[in-house]
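Peer 1: Those protein sequence lines, which keep their order, are chains A and B. Residue numbering for the first sequence follows my numbering, beginning at 152 and increasing consecutively. Residue numbering for the second sequence follows my numbering, beginning at 152 and increasing consecutively.
FYI, nobody ran anything at the bench for these hints, they're computed from the structure. Computed from a predicted model, the values in this text were never measured in an experiment. Among the hints, erroneous ones may be present.
[Unchecked claim] Lysine-lysine pairs mimicking DSBU-like chemistry, simulated, CA-CA at most 30 Å apart:
| hint | chain 1 | residue 1 | chain 2 | residue 2 |
| --- | --- | --- | --- | --- |
| 1 | A | K184 | B | K250 |
| 2 | A | K184 | B | K153 |
| 3 | B | K241 | A | K184 |
| 4 | B | K153 | A | K321 |
| 5 | A | K184 | A | K321 |
Protein chains: 2
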Amino acid sequence: MKPAVKVTITGAAGHIGYALVFRVASGAMFGQKQPVILRLLEIPQSMSSLSGVGMELEDCAFPLLHDIVLTDDPAIGFRDTDYAILIGAKPRSKGMERKDLITENAKIFSAQGKSINRYASEYVRVLVVGNPANTNALIASANAPDLERNQFTAMTRLDHNRALGQLANKTNSLVADINRMTIWGNHSMTQYPHIDNCTVNGFSVFDLVSRDWAIDHFIPRIQRRGAEIINARGLSSAASAADAVVDHVHDWALGTRDGDWISMAVPSDGGYGIEEGVVFSYPVTCKDGEYEIVKGLELDELSISRLKASEKELREERAIIEDLLPKG
Amino acid sequence: MKPAVKVTITGAAGHIGYALVFRVASGAMFGQKQPVILRLLEIPQSMSSLSGVGMELEDCAFPLLHDIVLTDDPAIGFRDTDYAILIGAKPRSKGMERKDLITENAKIFSAQGKSINRYASEYVRVLVVGNPANTNALIASANAPDLERNQFTAMTRLDHNRALGQLANKTNSLVADINRMTIWGNHSMTQYPHIDNCTVNGFSVFDLVSRDWAIDHFIPRIQRRGAEIINARGLSSAASAADAVVDHVHDWALGTRDGDWISMAVPSDGGYGIEEGVVFSYPVTCKDGEYEIVKGLELDELSISRLKASEKELREERAIIEDLLPKG
């Protein structure tokens, strides 16, 4: 049997964490032949609740789960880890300004970047889920000078999957029959869900839906889907966010389907005119544990302006936490 | 591609339901080549919350999920269904006596038995999770005269998996290396977790643990594990219960491992001296969608007395709802 993969999850006692850890332990993330070790990291005041999660994991008798570590110490949680999934973040409290939210989280994620740099495997792959995810990933990466920038990503896979679901509904098709969905930009209201390259059962998407539908209905619905879920459930998305984590890491580790791509927020290489370094969602393909940004897609003027608007927001977020970025 | 399996889940907006539906849709229950249709059945006052669950299922873009039906109408929820997973039940409220709890649930599950008899596939398989699970399964079955009794089961797989987890911990082994764990009796404090037939890596269990440990520590801990989880989490077991549902149905549909067995509460065939008809947890093997009670195991006097005590409780539960059982 293969050696176990070590997976660290922060905020593991929260709603998304609770929906995630059982799926990772069941083999959904790395397949049915890959044992896993879970390192669950929480803040001290959540350790009692986390102990219950640990007991329930034991109670599932997952054949692939070779060890469970529960800790509030980053030195233990990140030690030699292969994958760091950073969910725990400070939520926006009532009356808090966006600037303060970004600054508070920048402190958390710069500390985690330092811990990952110091303790994790040199090949660690990092996925940031806690918001503002793109800028949190930027800060974590900037504080991990011994690691490559492309080891740090943020999650737009939930937006990507939401877009697949809506397009499948609209075209009365199965999600498995849709290829080349793209989410560009920031995981925020400025994200740009983009269907122009999509095929449905091999047909061009615009044989089946109109550009007006995309602009007037599809794009705003994906951008506001989080609020729609909160209205219905009274709680924010948890299981669907956890599922997107499974998909993001699964595809990064094991590869994307031939002829298809996925959306991941990754440090820009300057592609599509986006400033190098900001963490921006692109269409990517993955193979052998590495992602590659899809090149050469044509963008019309509307698309370029949407990408620029999201880039602008990301530059503004970066400006807010500029003081916390290491010089150099 | 195979035709989709229709799976009806009651109480789908509750904690266990929320932990379950995404795993079923992901392919964990029937494998990665079997499409599924989910029929989620709730009480009218939970339909708004259920609509949020439905949206999140869409948002996961599960390739195997071919349709989602959300309803509070049993005629729609159970129509032609292949699997009915009955989670929704009346919980014990403050000051409620056990007798009242059993009677209230007997009303719910007799109605569901009638609906399943009328609307479901003639080959439907039923798993009762809502407590008191064994007696609820008995009532549902008694109200479904056109179906076979062995189409109705209740869940003791969570107890079984908890027992595997504890024995793996104690013997410092992997759960995959343990065979032939058994839970006998009622899914209640009178259940009898029984390790005498277990092997660990091929060794007899008593080469590794003592009978005293089993009696003084292991058995009471499994019996009281639910309360232990509530103390730690402040909430009852949800993800681990959902995982046990996945395992129970998976193994019933696709078969148990060679040389191993699982625990399922099924209508007694009189085996091991248990009165015919009461729904009692036995060791069973499964093949081609049918279960078979393991025969010929030797039981010592202690074990026989434990089985009898649990049978007595099940007879008492049945006596409480005798009036609701159809004559015949």
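Peer 1: List in ascending order the numbers of the hints, as given earlier, that are violated by the structure.
Peer 2: Violated hints (numbers, rising): 1, 3, 5; every other hint is consistent with the structure.
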